[in-house]
Each structure stands twice: as structure tokens, then as C-alpha cells.
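Protein chains in written order, with the working numbering: chain A, 47 to 236; chain B, 47 to 236.
Source of the hints: derived by calculation from the structure; they are not laboratory data. Hints may be right or wrong, so weigh each one.
Note that the list lumps identical chains together, so a pair holds whenever it fits in one copy or between two copies.
As the list claims (entries may be wrong) - Pairs of lysine-lysine residues, derived as DSS-like cross-links and limited to a Cα-Cα distance of at most 27 angstroms, are as follows:
#1 74 - 49
#2 207 - 49
#3 207 - 66
#4 49 - 178
#5 196 - 207
#6 207 - 173
#7 66 - 185
#8 185 - 225
#9 185 - 207
#10 173 - 200
#11 200 - 74
#12 49 - 200
#13 98 - 207
#14 135 - 212
#15 212 - 200
#16 196 - 49
There are 2 protein chains.
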Amino acid sequence: MIKELITRNRSYRRFDETVKISSDQITKWIDLARLSASGRNAQPLKYAIVTKAEMCAKIFSFLGWAGYLTNWKGPAEGERPVAYVAVIKDLNIAENHYCDDGIAMQSILLGAVEDGFGGCMIGSVNKAKVAKLLGLNEKQELLYIIALGKPVEKVVIDEAKDGNIKYWRDENGVHHVPKRPIDEIVVFKD
Amino acid sequence: MIKELITRNRSYRRFDETVKISSDQITKWIDLARLSASGRNAQPLKYAIVTKAEMCAKIFSFLGWAGYLTNWKGPAEGERPVAYVAVIKDLNIAENHYCDDGIAMQSILLGAVEDGFGGCMIGSVNKAKVAKLLGLNEKQELLYIIALGKPVEKVVIDEAKDGNIKYWRDENGVHHVPKRPIDEIVVFKD
């Protein structure tokens with residue numbers, strides 16, 4: 047059931063760092079993105095897979111975490127991502143990637159969740175530093191980083207009240223994500 | 047298996063127009079988008095559901111179809127979409143919707159495919175005309191239209207050769223979509 051999978055596919059930011067993920071496994075998730083829709087079928091997105099501990103540590107240092115949790119500087123040692131996927135636009139193929147990034151990342155994360163892993167799409171990235179680390183050229187534009195691992199946090203969906211959509215953590219470390227009710231987001235129905 | 051669902055989720059452009067879809071069913075698919083990730087969890091996307099024949103005919107007249115099939119003006123009568131979802135950005139909530147549109151549309155279409163339907167994300171839209179038809183205000187920006195129905199065409203994935211990614215139809219009406227091989231899209235692996 048896709049609903050069950052989508053519901054389980056939360057933005058996870060804390061992981062069991064002892065559980066590794068191979069680049070072969072991640073390649074299978076990227077294959078799901080490959081099989082997904084692409085604007086004009088141009089397929090300008092490329093991917094970099096990072097799984098080695100030293101590289102992961104470097105990538106980690108270039109990321110911003112959970113903007114609304116102002117007192118939280120990101121996952122502590124032992125709970126950090128064990129792998130990353132960099133989502134890159136190949137400007138030699140297309141300037142406009144439409145919404146391919148969202149389609150692709152959703153497919154990748156659904157694959158990860160089905161296999162018992164999870165992750166988080168991160169837009170707060172020091173893109174110049176990551177691009178340099180990965181050896182990207184000027185025609186390879188870094189769009190997003192997906193952090194991956196075996197989640198160790200509980201994430202629950204609440205109903206947003208009065209438009210307050212900031213996620214928060216309760217005293218037990220449970221991460222709450224308020225989602226707008228369906229009646230608020232369907233604005234026309236004939 | 048998410049791979050099976052993603053593989054079945056092709057961009058379908060020909061439908062059995064005798065098979066209708068209720069707005070309640072479409073609302074369930076939109077709920078999958080509601081439960082999906084959103085940049086900063088802002089959730090600026092709103093949705094309009096169109097299922098009535100007269101409205102569908104109007105929407106249809108405002109769409110462009112399958113740019114690479116230059117001799118094809120879109121689905122003939124009897125094979126047109128029976129419903130549409132308009133994906134709208136609420137500018138009162140956010141100016142930047144990140145890649146929420148791709149995430150949301152992927153979730154919606156995976157729901158549709160699981161239920162035996164299918165569709166196509168369409169960016170070639172006379173947005174001013176559709177906005178007027180739906181009564182959108184100046185703070186509601188139309189992003190995409192998803193066409194929906196019971197697919198009657200066969201779509202197959204081929205491997206793109208020499209970077210040729212234009213989809214095409216063979217003499218039996220089978221729609222071929224060349225996808226770049228995985229080795230071409232994974233540009234870094236440590």
C-alpha cells in the first residue's frame with residue numbers, strides 16, 4: 047500500500063550510525079528515480095553517492111539541519127547519516143529541470159523506506175564546498191543532498207492548527223510534524 | 047514493491063473516457079501529497095479537482111500534449127482525461143515551493159496507479175485561462191495540471207542510446223520512452 051509507505055517516509059534526521067548502507071543498495075534507489083517521470087523526458091539529473099566515513103564526515107560539516115529546531119545543531123556523533131546522495135543538474139543537458147528533483151528524491155526515499163532505511167532531503171547545503179569535494183565541474187549544479195541511514199527517531203504527523211506548521215520535538219524526543227488538513231489544501235472541487 | 051509501482055507509473059496520455067473517477071477518490075490521492083515532505087514543511091501547495099465533463103472539456107482545450115509527437119494533437123474524443131488536478135502555489139504561504147511540486151505529483155500519481163488509474167503531469171498549460179476558469183486569485187499561482195484517467199495505451203521504457211531521449215510511438219501505437227542508463231546518471235561513487 048503506497049499510503050503506508052508514504053506515511054512511513056518521514057524526514058528522518060537521526061540514525062543508527064552502526065548500520066551502514068552500500069553504494070550498490072543506494073544505486074537501486076537511484077534506479078527508481080531513473081524510472082520516474084522527467085520534464086520533456088530530458089533527464090538532466092545526475093547523482094553522486096557517498097558512503098565512506100571520511101567523506102560522510104566532510105559532507106556532514108557542509109549541511110544545515112532542521113531550521114525550526116534552533117537549539118539543535120544536527121545529529122550527534124553515533125546518530126549521523128551513513129550515506130549521502132547528491133542530486134546534481136547537468137547543465138549540458140538542460141537549464142530547466144522542472145520538478146524532476148522532487149519526483150526523483152521522492153522515488154529514492156520511498157525505495158529507502160521500503161528497505162528499512164530513511165532519510166531527509168536537505169536544501170541547506172554549502173554547495174560550493176560540496177561541489178569541490180565531489181569534483182563537480184561548472185556544468186554540474188548541485189541541487190540537494192539526501193542524507194540516509196537507519197532511522198532511530200520517532201516522527202509523528204499532527205494536524206496543523208491555525209496554520210502553524212513548524213515541526214517540533216517533545217520531551218521524549220519525538221519529532222512532531224504538523225500537516226495542514228485536507229480541507230485546507232483542496233481549494234476547488236466540482 | 048515500490049519498484050513495480052514506479053515502473054507502472056508512466057506518463058499516460060490516452061484513456062478510456064467511459065471510466066470516470068470521483069472527486070472523493072482523487073482527494074485520497076491528494077492526501078498522499080499532503081502526507082509527503084515539504085520544504086521547511088511550509089506546505090504552500092493547494093489543489094483543485096475537476097471531474098465534470100464540461101469543465102474537463104474546457105481544461106483540455108488549454109493544454110499542450112507530448113511535445114515530441116509533433117503530428118499528434120493530443121488524445122482524440124473517447125480517449126481524453128476524465129479528471130484533472132491543478133497544482134497551485136499559495137503565495138500567501140510561501141514564494142518558494144522548493145521541489146514540493148514534484149514530490150506531491152509523484153505521490154498523487156503513485157496513488158492513482160495503485161488504484162488502476164494513471165495520468166500525466168502537464169506543464170504546457172494556458173495558465174491564465176485555467177486560473178480564470180477555476181476562479182484563482184492573484185495569490186494562487188497555477189504550477190501544473192495532472193491529467194487523469196484509466197490508461198488505454200501501452201508505454202514501455204527503452205534504454206536511451208547516444209543521449210537520444212525523445213519519446214516516440216511505434217506503428218502499433220506503443221509509446222516508447224528512452225531512459226538514460228544508470229551508469230550515465232551516477233557520476234560519483236566512493
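We went through each hint and held it up to the structure:
In this homomeric assembly, residue 74 and residue 49 come within 27 angstroms of each other (Cα to Cα) both inside a single copy, at 21 angstroms, and across copies, at 9 angstroms. In this assembly of identical chains, the alpha carbons of residue 207 and residue 49 lie at most 27 angstroms apart only when taken from the same copy (23 angstroms versus 36 angstroms across copies). In this assembly of identical chains, the alpha carbons of residue 207 and residue 66 never lie at most 27 angstroms apart, being 38 angstroms within a copy and 34 angstroms across copies at closest. Within a single copy, residue 49 and residue 178 get their C-alpha atoms no closer than 39 angstroms, and across copies no closer than 33 angstroms, so neither meets the 27 angstroms cut-off.
For a Cα distance limit of 27 angstroms, the shortest separation of residue 196 from residue 207 qualifies neither inside one copy, at 31 angstroms, nor across copies, at 37 angstroms. For a Cα distance limit of 27 angstroms, the shortest separation of residue 207 from residue 173 qualifies neither inside one copy, at 35 angstroms, nor across copies, at 31 angstroms. For the identical chains of this complex, residue 66 and residue 185 are neighbours neither inside a copy (31 angstroms) nor across copies (45 angstroms), given an alpha-carbon limit of 27 angstroms. Taking identical chains as interchangeable, the C-alpha atoms of residue 185 and residue 225 lie at most 27 angstroms apart only when they sit on different chains, with a minimum of 21 angstroms there against 37 angstroms within one chain.
Taking the shortest alpha-carbon separations for residue 185 and residue 207, only the inter-copy value of 22 angstroms comes in at or below 27 angstroms, while the best intra-copy value is 44 angstroms. In the homo-oligomer, the alpha carbons of residue 173 and residue 200 never lie at most 27 angstroms apart, since the shortest distance is 29 angstroms inside one protomer and 41 angstroms across protomers. In the homo-oligomer, the alpha carbons of residue 200 and residue 74 lie at most 27 angstroms apart both inside one protomer (26 angstroms) and across protomers (25 angstroms), since each shortest distance falls under that limit. Taking identical chains as interchangeable, the C-alpha atoms of residue 49 and residue 200 lie at most 27 angstroms apart whether they share a chain (18 angstroms) or sit on different chains (26 angstroms).
Neither within a single protomer nor between protomers do residue 98 and residue 207 lie at most 27 angstroms apart by alpha-carbon distance, with minima of 42 angstroms and 32 angstroms respectively. In this homomeric assembly, residue 135 and residue 212 come within 27 angstroms of each other (Cα to Cα) only across copies, at 19 angstroms, whereas the closest approach inside a single copy is 30 angstroms. Proximity of residue 212 and residue 200 under a CA criterion of 27 angstroms is satisfied intra-copy only: 17 angstroms inside one chain copy versus 43 angstroms between copies. In this homomeric assembly, residue 196 and residue 49 come within 27 angstroms of each other (Cα to Cα) both inside a single copy, at 21 angstroms, and across copies, at 20 angstroms.
When the structure is compared with the earlier hints, violations turn up for hints 3, 4, 5, 6, 7, 10 and 13 and for no others.
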